Structure formats: C-alpha cells, structure tokens
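Q: Here is how the chains run, residue by residue.
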Amino acid sequence: MPTTFVLNGKPTTLDVDPTMPLLWALRESAGLTGTKFGCGMALCGACTVQLDGRAIRSCVTPIATVAGKQVTTIEGLQSAPGKAVQAAWIKLQVPQCGYCQSGQIMSATALLENNAAPTDADIDGAMSGNICRCATYGRIRAAIHDAAQAIKS
Amino acid sequence: MSSPNQIDDPLDATTPSTRRAFLKAAGTTTAIALTIGFEWAGSARRAIATPAAPAAFAPNAFVRIGSDNSVTVISKHLEMGQGSYTGIATVLSDELDADWSLVRVESAPADAKRYANLAFGTMQGTGGSSAMANSWMQLRQAGARARAMLLSAAAAQWHVPAGQLSVRDSIIYHPDGKTQASFGSLVARAASLPVPEQVALKDAKNFKLIGRGQSPRVDVPAKCDGTAQFTLDFSLPGMLVALIRRSPRFGGKVKSFDASAATAIPGVVKVIEVPNGIAVVASGFWAAKQGREALKVEWDDSNAETRSSEAIMAEYRQLAEKPAASARKDGDAAKAMAGAARTISASYEFPYLAHAPMEPLDAVVKLTASSCEIWAGDQFQTVDQANAAHTAALDPQQVSIHTLYAGGSFGRRANAGSDYIVEAVSVAKAYGADGTPIKLQWTREDDIHGGLYRPMYFHKLEAGLNTSNELVGWRNVIVGQSILAGTPMAAMIQNGIDATSVEGAATIAYDIPNIDVELATTKTGVPVLWWRVVGSSHTTFAVEAFIDEVAHAAGQDPYEFRRKLLAKEPRMKAVLELAADKAGWSSGPMAKGKGRGIAVGEAFKTFVAQVAEVSVDESGQVRVDRVVCAVDCGTPINPDVITAQMEGGIGFGLGAVLYGAITLKDGHVEQDNFNSYRVLRLNEMPKVEVYIVPSTEAPTGVGEPGVAPLGPAVANAIFAATGKRIHVLPFPKTEAT
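Residue numbers (this note's numbering), protein chains in the order written: chain G, 248 to 400; chain F, 7 to 743.
Errors might be hidden in some of the hints.
Taking lysine to aspartate or glutamate pairs in the DMTMM-like style, the calculated list, with each CA pair at most 20 Å apart, reads [as the list claims (entries may be wrong)]:
| id | chain 1 | residue 1 | chain 2 | residue 2 |
| --- | --- | --- | --- | --- |
| 1 | F | K693 | G | D369 |
| 2 | G | K330 | F | D231 |
| 3 | G | K257 | F | D231 |
| 4 | G | K338 | F | D587 |
| 5 | G | K338 | F | E695 |
These are computed hints drawn from the structure, not numbers from a lab. Nothing here was measured: the structure is a model prediction, and the numbers come from that model.
Assemble the whole structure, with the sequences as input and the hints as a guide.
A: Here you go:
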C-alpha cells in the first residue's frame with residue numbers, strides 16, 4: 248500500500264510494506280542514505296529524522312504513520328538552525344567515524360529550533376539518546392553552544 | 007612486479023617494541039600461510055601508479071596530481087574515525103608543499119605489494135595504532151620525490167636550476183619573482199622525468215602542515231551532510247540484502263531448518279544454508295529481517311560452548327594459584343616477597359567486551375566464477391583477500407577490495423578469520439556465484455551476540471615492601487584466552503606467551519628489582535579478538551590500580567610513588583608530571599565526596615597519563631567530572647586529531663569500566679542491544695583537557711593508547727573519594743548507575 252508524505256519539502260509516494268520502518272523506506276526506496284541504522288530499537292539515535300519538526304527515531308516508525316506529514320532528513324536540512332549546526336560541526340571538527348553524526352545533527356537541530364539558547368542540562372536532555380561510540384560528546388556539546396551563538400549574532 | 011616508479015626503500019621509522027615486532031613477524035607468518043605478495047592484476051583499474059596517464063602525474067603509489075591541480079593522496083589505511091586519512095594526507099602534502107584545499111584522499115586497493123603496513127611486514131591492514139608510525143617516512147619520501155620531480159619539470163621549462171626555485175601551496179616560483187607555475191601545469195612534463203633516488207626531507211622547523219594545525223580533517227564535511235559513504239550506504243543495481251541466522255551458542259551447528267514461512271514473506275528471494283547458519287536473501291533489509299524472524303532452525307549444540315561466564319571466571323581464579331608460563335622474570339620475586347617487611351595482594355576481574363561500533367558489520371560482494379569484488383570498511387585487506395579467495399575457491403589475485411569508510415571498528419573489522427567478509431562471500435557463493443551483488447548486513451543484536459570479544463581476564467597481583475616502604479617485589483599472574491591462538495598468527499606465541507595477553511604487564515615500566523609476570527592461557531568456545539588498546543585494556547588497569555594500592559599501603563602519595571619508580575623512563579615520567587601539574591595534583595585532597603585519581607601507561611610506544619576527578623553522591627553514584635590527559639606520541643602530526651583521539655579514548659574507556667560486560671548464561675549471551683550492553687552517553691561525558699608533549703621523536707599512534715589509563719585513573723579517584731577499591735569490572739552497579 249503506497250504511503251504519501253512530504254519528504255524534504257517534496258510530495259513523495261513510496262509503495263512499500265506499510266509496516267516497514269521509515270528508515271528503510273528512506274534508505275532503500277527513496278535512496279536517501281544519510282540516515283543510518285544503528286540499533287533498530289530507538290536506542291542509539293543514528294536514524295534520527297524530523298517528523299513535523301520533531302526529532303524521531305525512524306527505525307521504529309512504520310512508514311504508514313508518516314502519511315500526510317513532513318519528514319526532513321539530513322539531506323533536506325535547510326533551516327537556519329540546521330545550517331548553523333552543520334557549520335559548527337565542521338568548525339569544531341566533531342565527527343570521527345561519522346556514522347552517528349547525521350542523527351546527532353538532526354537531534355541538535357531539533358533542539359535549537361525549539362530552544363534558541365539551550366543550557367547544558369537542555370543538551371543532556373535532547374542529546375543523551377544519540378550514542379556516539381567514538382565519544383565525540385564533548386565536541387557535540389560545544390558545537391551546539393557554538394551554533395546557538397551563531398544563530399543569535 | 008613492482009612498477010619502476012614505486013618507492014622500494016620505505017623506511018620504517020618506528021622503534022622496536024614487543025607488540026610491533028610480534029605483529030611484524032605475525033604479518034610474515036600470515037604471508038606464508040595465506041600466499042600473498044603478488045601484483046594484483048586489477049590494480050590499474052584505479053589508475054594509480056600509472057605515470058604515463060596524460061592528465062595526471064602519479065610518481066608513486068601514494069599520490070596523483072591532476073592537470074586540474076588536484077592532489078589525490080592514496081591511503082593504504084582504513085579511515086574508521088581515527089583520522090588516518092587526514093594524517094596521511096598531512097604528511098605527504100607537507101613534503102610536497104601542496105595547497106591543502108586541493109588535497110583529497112582515496113583508499114588504496116587491496117595490494118600488499120604496494121600497500122603493506124610496514125609495521126605488519128608484508129601484510130596490508132590497519133591496527134595497533136600503527137598507521138602514522140609506519141607511514142611517516144614512506145609518505146614523506148613519496149611527497150618529497152613528487153615535489154622534486156615537479157621542480158625539475160619547472161626548471162627544465164624555465165631553463166633555470168631547480169635549486170633556485172621555491173614552492174608554496176602547489177605553486178612553483180621562478181627566481182625572477184614574477185613567473186610561476188601551478189603543479190597542474192607541470193604534470194605532463196613531470197610524468198616524463200625519472201624518479202629521483204635521493205631526496206632531502208624537510209627539516210622539522212620548515213613543516214607547514216605537520217604539527218601546525220593547518221590541515222582540518224578531510225572527511226569531516228561529508229560526515230556532516232550525510233554524503234560520506236559507508237558500506238551500509240553502498241549499493242549496486244540489482245543488489246540483494248542478506249541476513250544470517252546464526253547459532254545462539256558459540257560452536258553450534260544447524261541440525262535442520264524450515265524455510266517455508268520465511269520464503270512466504272514478500273521480498274524474500276532465497277533461503278540458503280551457509281557454513282555459519284541460514285541466510286535469508288531478500289530484496290531489502292526489512293524483508294530479509296522479517297524472513298529471518300520467520301525461519302525455524304534446530305541447532306546441534308554438541309560442540310557448543312554451554313558454560314556461563316561466571317563458571318569460566320571461577321576456573322580462572324583457580325588457575326591463578328597454579329604455576330604458569332613466564333612472561334617476564336627479573337631477579338627473584340618469590341624470594342623478595344618472602345623477605346619483605348610487608349606484602350600486599352589483590353585480584354582484578356575483567357569481562358568479555360563487545361566492540362559495538364556504530365555501523366553494524368556489513369559487506370557487499372559481487373561474485374562470479376572468476377572474480378570476487380568486495381566493498382567494505384575493510385581493516386585487514388590482505389587477510390580478507392586470502393580468506394575470501396579461499397571461500398570462493400579463487401586465487402587471491404581474483405579478489406578485489408574497495409575499502410569504504412568504516413563506522414567505527416575498535417579492532418572488530420580486523421580479524422584473522424575475516425568473519426563478516428567470509429560470510430558475505432559464502433552467501434554469494436551459495437546463491438550461485440552468478441554476479442548478483444549481495445550485501446550481508448548484521449543487526450545490532452548480531453553484533454552483540456557475535457563473539458570476537460575482548461577476552462575475559464583474571465589478574466592476581468602481589469607486591470612486597472621493605473622496611474623503608476620501597477617496592478622490592480612484584481608478581482602478576484594473568485589468566486585468560488589468547489587472541490592469536492587458533493589463527494594463522496598462532497606461530498607468534500612463543501614459550502606459551504601470547505604477547506597480546508601480557509603487553510602492559512610484562513612491560514611494566516616501574517623500576518622494581520624483582521618482577522615475575524606469568525600467563526595461564528585458557529581455552530573456551532567463545533571467540534576473542536583485540537579490542538581498542540588490546541592487552542593494555544586490562545593490564546594497564548591491573549597494574550595502575552594495584553600500584554595505587556601499594557602506594558597507599560606504603561603511606562605515600564600515589565603520584566609521587568609512581569614518579570620515583572619512573573626515574574629511568576623519562577617519557578613516561580614526563581607525561582605523568584604534565585598530567586599531575588595540569589590537574590592541580592599538588593592542590594591537595596578534594597572536598598568530601600570528591601576524589602582525584604591518576605594513572606599512566608604506554609601502548610604502541612605512545613605514553614599517556616590521565617588524572618580523573620570524580621564525585622560520588624550519598625547513594626554511591628559516580629560521576630566523572632573532569633579528566634586531564636597528557637600524551638607523548640612523538641612528533642605530533644595533527645594536534646586536533648590527537649586531542650580528539652584522547653577525548654574519544656577516554657569516553658570509550660569510561661563506558662567500558664562503568665557498564666561494559668558481555669556475560670554468558672549456559673552459553674547464551676545475555677546482552678542484546680544498547681539497552682543491555684550499555685555504552686557511554688553524552689550526559690556522562692566528563693570535561694576533558696588534553697596536553698600534547700612537544701617532541702621531535704618519530705610519530706606513534708593515538709587511536710588506542712588514550713583508552714588504557716582511563717579506567718584505573720577513575721577507579722583510583724573513586725578510592726580517593728570513598729575509600730573503596732574496585733576489583734571487579736565493570737564497576738558495581740550500586741556505585742556506577
């Protein structure tokens with residue numbers, strides 16, 4: 248059964264098993280591979296995308312549940328906070344292996360879109376669901392603060 | 007056959023160490039066992055080392071300069087997060103005087119003839135924190151020779167002596183101060199010139215990139231916009247996806263299976279038996295996963311490991327009381343202990359640990375009757391090539407490997423059996439070897455259940471103090487599995503000693519007159535492997551936690567006690583002093599509920615000391631607030647990459663000591679995913695400060711050594727805060743969660 252939704256600003260219809268997680272529909276049907284598979288159980292955040300502006304775990308989100316909604320992936324990141332996050336990530340040289348970073352950037356963007364000046368506690372709350380085995384956490388925190396400053400100025 | 011322009015005299019700038027010598031010999035052994043050392047017929051496909059190509063100048067296997075001024079550095083090492091691509095490009099580009107903004111990196115094909123890891127001998131692969139150490143002189147030579155040829159080309163064009171020309175940022179300047187030529191404009195002429203035999207390398211004071219912080223990571227932009235390509239992201243037209251149902255116990259075999267429900271799942275193409283289980287091949291991941299869940303398999307556990315990890319550890323405790331193989335014997339430790347005024351003893355227990363890289367293992371294979379093409383975050387090209395060839399009944403020359411970015415590894419992708427590569431080839435073979443591209447995908451549960459863990463270890467330690475509270479005797483009995491046993495590298499086990507089991511313990515740097523280190527090597531059905539920092543992941547904990555206990559028993563400050571024992575180890579002493587100084591060690595005890603702990607270690611010839619500061623609340627919950635780290639890795643190539651590797655090593659090590667444990671119950675792994683195999687999360691990351699010792703020594707690695715001292719520094723800090731010692735890892739749940 249086809250599912251129709253707005254993917255990175257474009258109306259999109261994907262004819263896949265409606266129970267298929269959004270992650271695999273994005274990757275294997277829409278060809279958007281920036282969103283990663285890490286755990287399949289919403290435990291690591293590597294698959295984070297935005298659904299109507301909220302950060303969600305696409306690995307446990309059946310595609311049928313996004314019908315009619317707006318999905319934004321790393322490939323479609325256009326908002327000012329999103330661009331500021333990516334710039335801060337490069338400036339502070341956050342990634343190591345880089346595999347989790349699409350998810351980290353999507354979570355950080357959702358945080359800044361809803362909270363222009365997050366505290367360390369806010370960052371803990373928004374980002375502790377995103378695992379990075381390279382432990383780039385210190386730089387993720389610093390880059391979120393840096394991006395918040397950049398948006399403000 | 008080597009190409010005429012190949013550099014045949016790569017210098018290995020590293021100093022000998024037990025580990026390196028062992029790996030070098032191990033590489034040789036593997037080469038014999040696995041028949042490598044050929045010129046791979048397909049290597050020209052990538053158009054490297056083909057100086058005659060008109061649009062590019064490729065003076066050697068490591069660099070290609072295009073008429074468009076692009077500088078492509080060919081990396082023989084996997085980029086798995088440790089910054090190898092950037093380090094390799096930095097070293098070569100500095101000697102070349104290339105414009106960093108024009109430099110890009112591509113991975114080398116599997117070709118041990120040109121791309122061997124010089125620390126491994128004749129084998130291509132990445133590991134042992136050796137990428138920069140073994141490449142250092144080789145890449146400087148490669149860059150310098152390319153530069154010399156471009157200079158000669160300009161000199162010939164302008165009819166001026168090459169010695170009067172200067173180079174900056176990929177542009178060669180005429181002595182007239184006006185005329186200039188870009189590298190790109192000279193490639194055709196340079197390609198026609200002979201490769202100079204001797205070139206002068208830069209004096210360190212003239213480095214423009216090495217140690218200067220002017221070469222940001224080459225992989226970062228693509229890792230911030232989703233375009234970096236991992237194996238997970240790689241696909242070919244018509245590619246199928248395979249998942250394998252493996253035995254729930256190590257060593258179990260398929261007795262029978264019923265695929266009828268699996269094949270009924272839409273998208274499932276084939277269900278086939280492979281040596282390691284039952285593969286479900288489907289149009290995509292979701293169908294393959296549903297198909298795998300629908301499989302019915304009966305297992306034959308007659309040769310399976312059915313013990314519990316606790317039962318195995320109970321055996322280890324008993325083995326520690328028996329005589330074992332000697333890994334080091336200085337003086338007479340038994341006599342020293344007998345004559346000591348006081349003896350101290352303790353034991354430390356270390357669990358199995360999974361690597362759990364963020365990208366679950368995966369590989370794409372395209373197999374035909376005469377060729378096998380592999381795409382993977384490949385860490386052990388020569389071994390993987392040989393194992394793939396063996397599996398497919400082909401010659402290694404018929405196996406090509408495209409190395410992609412790896413989403414972490416921590417050692418997991420480098421294993422003697424090439425487990426995930428062999429599985430992928432096995433599936434393609436069982437599918438019919440008809441050229442259909444197949445991606446083998448592991449899930450997180452496959453990864454956590456999949457074995458090749460850091461081995462479980464038991465350490466028993468005893469120390470003797472004389473009446474002046476001087477350390478006169480040290481005895482360390484180590485019990486655990488060998489990483490090398492049962493692999494082609496087993497020949498490196500000498501006199502019962504696998505160096506990877508005892509490094510960091512047998513190489514203890516403290517000046518103690520009587521030292522006895524023994525190893526009892528065990529066998530279990532649980533497959534084991536090196537895990538970031540290998541032996542030092544447990545030995546440094548045991549040594550550094552115990553020396554802290556000994557210092558306490560001697561009534562001395564744990565930093566000063568170590569410092570005195572390192573008088574003959576200037577580099578280790580220097581990092582210890584630097585970390586203590588920067589952490590404010592001399593400021594005295596911390597407030598109630600807080601503590602500071604110190605530890606130092608050497609791994610792969612890199613020296614690291616760390617001071618951890620912890621807070622322990624009334625419920626016993628531990629928080630690591632700050633870690634101060636000092637590192638001496640010889641000439642620092644990319645200071646920010648070194649800093650990042652120390653930060654990452656600290657976070658990786660902290661997650662392991664707080665939570666890391668793979669446990670078995672009746673042979674079944676009790677953990678499944680990141681809920682039960684906990685790793686560090688952002689809210690638990692301490693503030694980290696990294697200080698790099700200035701040095702002109704040859705560079706050594708930074709990917710692993712930062713992990714080793716973290717655990718004991720934190721354990722020692724917990725003691726300072728609470729008076730409680732930690733002897734069983736991971737830290738007790740009551741204190742750590």
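Q: Against this structure, judge whether each hint is valid.
A: Cross-check of the supplied hints:
In summary, the hint linking F:K693 to G:D369 is supported, as the alpha carbons are separated by about 17 Å, within the 20 Å threshold. Among the hinted pairs, G:K330 with F:D231 is consistent with the structure: their alpha-carbon atoms are about 10 Å apart, no more than 20 Å. Proposed proximity of G:K257 and F:D231 is supported: the alpha carbons are some 19 Å apart, at most 20 Å. For the given pair, G:K338 sits about 30 Å from F:D587 by alpha-carbon distance, which is inconsistent with the 20 Å threshold.
For the suggested pair G:K338 and F:E695, the alpha carbons sit about 19 Å apart, so the restraint of at most 20 Å is met.
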